[in-house]
Amino acid sequence: MLLMSRLATLESRRGWQVFLILLVLTIVLVPVLNLTLPPESPFHVPTYMLSLLGKYLCFALLALSLDLIWGYAGALSLGHGGFFALGGYCMGMYLMRQIGTRGVYGNPDLPDFMVFLNWSELPWYWLGFGNFWFAMLMVMLVPGALAYVLGWLTFRSRITGVYFSIITQAMVFALMLAFFRNEMGFGGNNGLTDFKEILGYNVQAQGTRIGLYVASALVLALGYLISRYIVTSKLGRVLMAIRDAESRVRFLGYSVTNAKLFVFTVSAMLAGIAGALYVPQVGIINPSEFSPANSIEIAVWVAVGGRGTLYGAILGAFTVNGAKSFFTGAAPEFWLFFLGALFIVCTLFLPRGIVGLAAQLRNRAARRAIPSTETKSKEVGDAASEHGA
Amino acid sequence: MQRASMAPDAAEIVLPAESTPVRPIRQPAGSILYLDGVSVSFDGFKALNSLSLVIDKGEMRTIIGPNGAGKTTMMDVITGKTKPNTGDVLFNASVDLTKMDEAAIANLGIGRKFQKPTVFEHLSVFENLELALKTDRGTFATLFFHLTGPQARRIDEILGVIGLGDRRKEKAGALSHGQKQWLEIGMLLMQEGQLLLLDEPVAGMTDHETETTARLLLDIARERSIVVVEHDMEFVRALGAKVTVLHEGSVLAEGSIDTVQADHRVIEVYLGR
Amino acid sequence: MIKSHLARVTWVLRGLHAFVLAFFLMTGLLTVGVAIGAFAASSAWADEYSDALAGLAAPAFNDKVAAIDALARLGDERATPVLEAMSDNRLYTRKEDGRLVIGGTGRDIALTDAATGEALGTATSRDLTRINVNNALRTALGGAIGRLQINNADPAKRLAAAETMARDRTPEAMALLRDALAREKVEDVRAAMALTYAKMSLTSTDPAERLAAVKEVSGRLSSEVRALVAPLAATNPDGSFAEPDPQVRAAATGLIARIDQRLMMTELALNLFQGVSLGSVLLLAAIGLAITFGVMGVINMAHGEMIMLGAYTTVVVQQLFREWIPAEFFGLYLVISIPAAFLVAGAVGVLMERGIIRFLYGRPLETLLATWGISLMLQQLVRAIFGAPNKEVSNPGWMTGAFEAMPGMVLTYNRIAIIIFALAVLAGLAALLRYTPFGLQMRAVTQNRNMASAMGIRTGWVDALTFGLGSGIAGVAGVALSQIGNVSPNLGQGYIVDSFMVVVFGGVGSLWGVLAGAMTLGIFNKFLEPYAGAMLGKILILVFIILFIQKRPRGLFALKGRAAEA
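Residue numbers (the working numbering), protein chains in the order written: chain R, 97 to 485; chain U, 34 to 306; chain W, 893 to 1458.
Derived by calculation from the structure, the hints in this document are not laboratory data.
Where a beta carbon is used, it is the ideal one built from N, C-alpha and C, also for glycine.
Among these hints, one or two may not hold up.
Now the stretches of chain W that chain R is said to cover, found in silico as 3 or more residues with beta-carbon under 8 angstroms [stated by the list, open to error]:
1) 1226-1237
2) 1390-1396
Label-pair distances were calculated between CB atoms; the ranges are [as the list claims (entries may be wrong)]:
3) Arg-1350/W with Lys-149/U: 23 to 31 angstroms
4) Lys-202/U with Pro-219/R: 53 to 61 angstroms
5) Lys-149/U with Met-100/R: 39 to 47 angstroms
6) Val-194/U with Gly-111/R: 29 to 37 angstroms
7) Leu-1324/W with Arg-252/R: 38 to 46 angstroms
8) Arg-1350/W with His-241/U: 41 to 49 angstroms
9) Ala-1280/W with His-179/U: 18 to 26 angstroms
10) Ala-126/U with Trp-220/R: 34 to 42 angstroms
11) Leu-237/R with Thr-1127/W: 50 to 58 angstroms
12) Leu-321/R with Trp-1353/W: 49 to 57 angstroms
13) Leu-237/R with His-179/U: 28 to 36 angstroms
14) Phe-1221/W with Leu-453/R: 55 to 63 angstroms
Distance condition first, Cα-Cα at most 27 angstroms in a straight line; then the derived DSS-like pairs of lysine-lysine [said to hold, decoys possible]:
15) Lys-167/U with Lys-149/U
16) Lys-90/U with Lys-114/U
17) Lys-79/U with Lys-1443/W
18) Lys-90/U with Lys-330/R
19) Lys-167/U with Lys-114/U
20) Lys-132/U with Lys-1443/W
21) Lys-1443/W with Lys-114/U
22) Lys-330/R with Lys-116/U
Whole structure, please, built from the sequences with the hints as guidance.
Structure (structure tokens):
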């Protein structure tokens, strides 16, 4: 009962309307347009488009998770690609175990690459991954545990700002090197691929693809509500206070270490879930997912959308990845120029991203409409943008 | 309540020579804050040099001193921001503050207002006070916190005291300098601490605001102990409390405002160089 | 078999002498006798020699070995090129007449007669039958060539012979070497011969000779000597000692212990050198960052791209030298590249600072993202201009090659040059900061911007130049790095994480910290590598740094006190 009333406060009435409309559009309209309309219809959503949208939904969840720790707690993690990939590997391990005897070597227990390496039995850390629910638990626990340990080490020592960013970047760099090693038992260079089934369904089948797409949308919606719960709670305000003046929060008696540790761990878990949803949709997970460039790209999604607002992060993930798909099709050599320029433009001219730009335009329009309130709202707006930077 | 000796030569007693073992100037019993032989050095520079200071329960104390006298460092030591190289810092005559971090010390009931007003600029005035509200500071308790009616009324009450009732929804960053000072004092009140440390609470305030602040502090001081660091002599006089003069990290003189202003060494320190 | 050959030779020689002497005395015809004697002698020699030569073409390997031995015994210098040709697979029989010929290289094989050295025109491989050689034969060939050359007039040839003979442990070879050793005057050659002789006598049946040999070889503490002596200290499977004489055994065991110790020292020294070498690469990569990040507090993710620009500048300068400058001055391209790279990277740095970074001061995370954007664009720009594949930069002549600092420790000149260069850049920078007006202004601005501004320093300019300096130094690092690896658009990416680690580890804002950080990480890495492997070593180092920062969040050479709080 209390929870329900608290849930209702997560969004304004209009916010809930938008949320539900978008959710219905995503999980009902798109699959229906895919399944019912003939391919020649202008409203038909081709299956590749559905898969693409499914990927974007995973990226949106990933962007959301980064926004929690960066946009709200002010700690820019450059390791979120790592948590994403760890979640993906956990899912990949489950999918590998589902291959069974259908691998090239037909070994019922060992994945092909282990047979290739002349391993005789499954390493201990692969045990249990044949079970879907165990694997799903690990999808959250592995990134969460890593974030907890790393966060405990860094936040406790009051490592903040760019130092935290560099350490998290070093973490993914180390992970990438580690996963490239064949002896690690995660398929080395090639990673995990050639998946056949998930929960008994063929991963290539259209029905499975739609199912994964809908699951991604629902998990994103759930992730959004959880994040929303956190940021609208008093803890969310403590986090924003930490972002503004970390040491002052300590003098109020809050444990900055614990607050950041909590949100970092939750954030890493969300990133792991995003990775787990991503892997069966693209059919492969390999160590390049750990590359530091990937992690830093997530930051630009959030920055483009507008950090410090959850829907901004989601918007940013869709916008930037949409642009990426467009460029890699139309003019691949310009994509990196565009992405690079995006980093610069966002930091210089759009400190609050698209969301901030929209708010600015709205403000300007409102000011024009009611000239009398101009001075006051200007003062507030300036002060906010000054510190939002 | 007041210490007996206030004559200039009494200050000699609280200034032990560096080589002699530091003797407590008096027993900590009955004090709210007890500093004994506290030294802090940064790269050879002694910010605090065997500082000893006792604040009684319910006492208001003003601390003055030229720049670099160690006033802010003293506050840092008390609130756990800086760990002293040597010396004891006791709260309520029993709790060793040197072993605790800032959050733990704050939760004991020691509140601090900074020299530069530090409020959370992105949060509203109301939210700033809500964060300072005395509640369970645990992370999960904070996550599931729900503001009760009495708590909301308490915030309203403080909003009235600091005169920001009509600006409760505005972002704290939009307040004027003096209003931020008051908001920070309001946050101290919300914490309901036993000991409040205020670093230059009236800096940048108009005369009128300064007067109001003095009245507010005197009002607060009835229920708790307060240490005020201030440069504004008019304000110090208005508070009418015992004054401690710090110089080069130690206590130079202690007594009423008139006594210390007459002390030739204090005059020398302020004017002589 | 060898003995019987020997007997035959002695018999022939004795017979020859007797015959000539008798002819002298009996006829008294001195001149005729001499002429005939000479003819007889030469024909007897010639027969012996051409028989042996023909034996090289025998189908059975055993016969070939016998022929090689015979040639070696005859000591005829003419056999050397033939044996060398055989060892190189260039000895043939011509199909049309079965003549033994030496072939040249190339498709049309130039032929010379093996017996006479007469040129026989060219042939193709179809006209010839190659004389097959296996490894056993090659060993025999090496020994024979060595024996033929051990008395050569050229000391270099004797030296080479002394070394090739080491594997030939026949008594004849030993006797030959002993004689040669007794006659030898050139010190180097003597030493080499003595060593070879000692190696040969290690397998002697006389314990005294073995002991002397062990003593002789103990002058060189190499793993090669260890392998030679090891059998003397070994035990048989039944537990008995392989070497019956306890004195020899003790000497051998002692020598092995000394060699092991020396080898360990060599490995240590080598690891140290490689560590310092890696450290100097890290140092070069990080010095620029020590300025931009350490002094200015700007987190420049495009730092690696400044290095990359420097490396590409080197590529361009090298290309210009190839096209416009005479080849004998080619080595100078490096000297020109250093200032060129400094200017190119420095100019890009100044542009970056004025155009973007100055708007982001005090917002480190935004700076990080914006400079990352710049790095992406620079990489793509270079890829568009120079193409994605690696460019290769050739070292100038004086940087190629290596020398052996101690046995088993080979130091390459380019690595040494980089160590010296890195230290020189560090020293130059330290001097610049300390002794020049610009350095003074730079320190003033970083310590108190407002005060510096009030004193008339154009802080904006100083910022731009400081950033340009840091970037320029990164460019110079690129010149050095182009000498030890390939140049590619993502060259810089490989160094960025390492550079930050060095600066963070060493302590932000301290040049000595950067030196200490780079060397510590470099050496640590190299010592870890043999045990953990390159990748795991790197991972361990990253973990170590993360833990280290726990203890000293501000690095090894941290600023303390109030300055650090800001």
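Violations among the numbered hints, reported as their numbers in ascending order: The structure breaks hints 1, 9, 10, 18, 22; every other hint is satisfied.
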